[in-house]
Amino acid sequence: MNVQDIISSGLLELYASGLTSKEESMQVQIWVKQYPEVAAELAAIETGLEQYAFANAQAPSASVKEALFEKIGSSNDKVSPAAKAPVKLMLVKNYWKWAAAASAALLIGSSAMNWMYYNKYTAVTAELRQNQEQALLAAQQMKDMKEDMSYVHSPFSKPVALNGMDPMPEATAKIFWMTNSGDVMIDASNLPDAPQGMQYQFWAIVDGVPVDGGMIVTNDKGQKFHMQKMKSFGKAEAFAISLEKAGGNPTPTKVVSKGII
Amino acid sequence: MTVTKKYSEEELVISLQSRDRQAFSYLYDNYAPALNGAIYKLVENRELAEDILQEAFIKIWNNIASYDAAKGRLFTWMINITRNLTIDTLRSKGYKKQQQISGDENSVSNYADSTTSEKFDSLGIRKQLANLKPEQRSIIDLAYFNGYTQEEIAKALEVPLGTVKTRMRTAILELRKLLQ
Chain A
1 MNVQDIISSG
11 LLELYASGLT
21 SKEESMQVQI
31 WVKQYPEVAA
41 ELAAIETGLE
51 QYAFANAQAP
61 SASVKEALFE
71 KIGSSNDKVS
81 PAAKAPVKLM
91 LVKNYWKWAA
101 AASAALLIGS
111 SAMNWMYYNK
121 YTAVTAELRQ
131 NQEQALLAAQ
141 QMKDMKEDMS
151 YVHSPFSKPV
161 ALNGMDPMPE
171 ATAKIFWMTN
181 SGDVMIDASN
191 LPDAPQGMQY
201 QFWAIVDGVP
211 VDGGMIVTND
221 KGQKFHMQKM
231 KSFGKAEAFA
241 ISLEKAGGNP
251 TPTKVVSKGI
261 I
Chain B
1 MTVTKKYSEE
11 ELVISLQSRD
21 RQAFSYLYDN
31 YAPALNGAIY
41 KLVENRELAE
51 DILQEAFIKI
61 WNNIASYDAA
71 KGRLFTWMIN
81 ITRNLTIDTL
91 RSKGYKKQQQ
101 ISGDENSVSN
111 YADSTTSEKF
121 DSLGIRKQLA
131 NLKPEQRSII
141 DLAYFNGYTQ
151 EEIAKALEVP
161 LGTVKTRMRT
171 AILELRKLLQ
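So the sequences go chain by chain: A and B. If you read the first sequence in my numbering, its first letter stands for residue 1, the second for the next number, and so on. If you read the second sequence in my numbering, its first letter stands for residue 1, the second for the next number, and so on.
Honestly, I wouldn't trust all of these hints.
Capping the alpha-carbon separation at 30 Å, the derived lysine-lysine pairs in BS3-like fashion look like this [as the list claims (entries may be wrong)]:
no., chain 1, residue 1, chain 2, residue 2
1, A, K254, A, K229
2, A, K97, B, K59
3, A, K22, B, K93
4, A, K174, A, K235
5, B, K133, A, K65
6, A, K235, A, K245
7, B, K93, A, K97
For the record, the hints were derived by calculation from the structure and aren't laboratory data.
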């Protein structure tokens, strides 16, 4: 059978319509491989029929595609055992499978490392911030202490010890009176905490009369442990501390500590 | 936003054979209407046609590895699967192949007013096909859509068995000429 006879036989048309027997189909496939003209003719027939089918197209409902993809999603890439793929394609497929698996593994590994390093980074950053805060706090404390000490070291500083009196013998305090400026600093760190609703009040005895020298903080943010600046006095015979209601009194009601200059 | 990727037939087959769902989605979008139309011609029931269509696409997806481009075009392979499935379904449901198909009843002109069909006719193919002789359209329909054997075609069209092949050839040649 020559090429022209094959083409004009009508067998290619039947083959394209799926109407040939198994033997006829195999014969056509051999011819297609053997003769490019037969292959071209078959392709043209198929394309014609394809266009004919497209001319008769009927759009299915949108729900069909949804249901289809739901089904193939759950069937999980099941390939029928009868399916035979060309070997080359299988190799490519496997290669990509392994490549994809390797990439996925690398990605997971890399993500895990990222996560680990990120955690480490945040931990170290937090630690650094904490250290910086501590250093800042230490510097502030050092500065406060230096300031406190400057009153002690000052050549004009006159120390006056206040001793606890009968109702509160433990109520002791130290005064540093600056003779040049009249500034009065009190170190109240040995004063017991004032009871709830009460406050210590500072007094200077000037010409036999107690004069208000300000309130002493004993329970607020550790102020008690720093020198506190009281009102300034140019002259005084003695200093005293009394326990008063919060906010103080114009005259002392319960003197707890006193020091004569 | 989805960008529709265009595939050549070769790319499409390779993508499908590596189980690419996006490619399968593309395949469905581009070929489902044509296959659905082919099924509808046989079953003439929209719901049943769509059931068969879905089943056909599952078969296509599961068997794509066995498609061999050396044996024919992808669409030919798909419509063969679809046609066989449709015929099997009709048989299992106790339907009989419709014997009355002749002339215009199931021909392209039946869908002349159908807007769904119009959508896929951007090239005006249907208009050109109106020039196809009724007996030529019938033989193509019976063979390509209905899957009639040569004997069945001869009987349905009341022509000698020996002339079916050549009539088929002439009809498809005419079809190709009209589509050019």
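Hints and how they fare:
This hinted pair checks out: K254 of chain A and K229 of chain A have alpha carbons roughly 22 Å apart, not beyond 30 Å. At most 30 Å may separate the alpha-carbon atoms for a hinted pair to count; K97 of chain A and K59 of chain B meet this at roughly 23 Å. In summary, the hint linking K22 of chain A to K93 of chain B is supported, as the alpha carbons are separated by about 27 Å, within the 30 Å threshold. At roughly 18 Å between alpha-carbon atoms, K174 of chain A and K235 of chain A fall within 30 Å of each other, so this suggested pair holds.
About 36 Å separates the Cα atoms of K133 of chain B and K65 of chain A, which puts this hinted pair outside 30 Å; it is violated. Among the hinted pairs, K235 of chain A with K245 of chain A is consistent with the structure: their alpha-carbon atoms are about 27 Å apart, no more than 30 Å. Pair hint K93 of chain B plus K97 of chain A does not hold up; C-alpha atoms about 42 Å apart against a cutoff of 30 Å.
Against the hints set out earlier in the document, violations occur for numbers 5 and 7.
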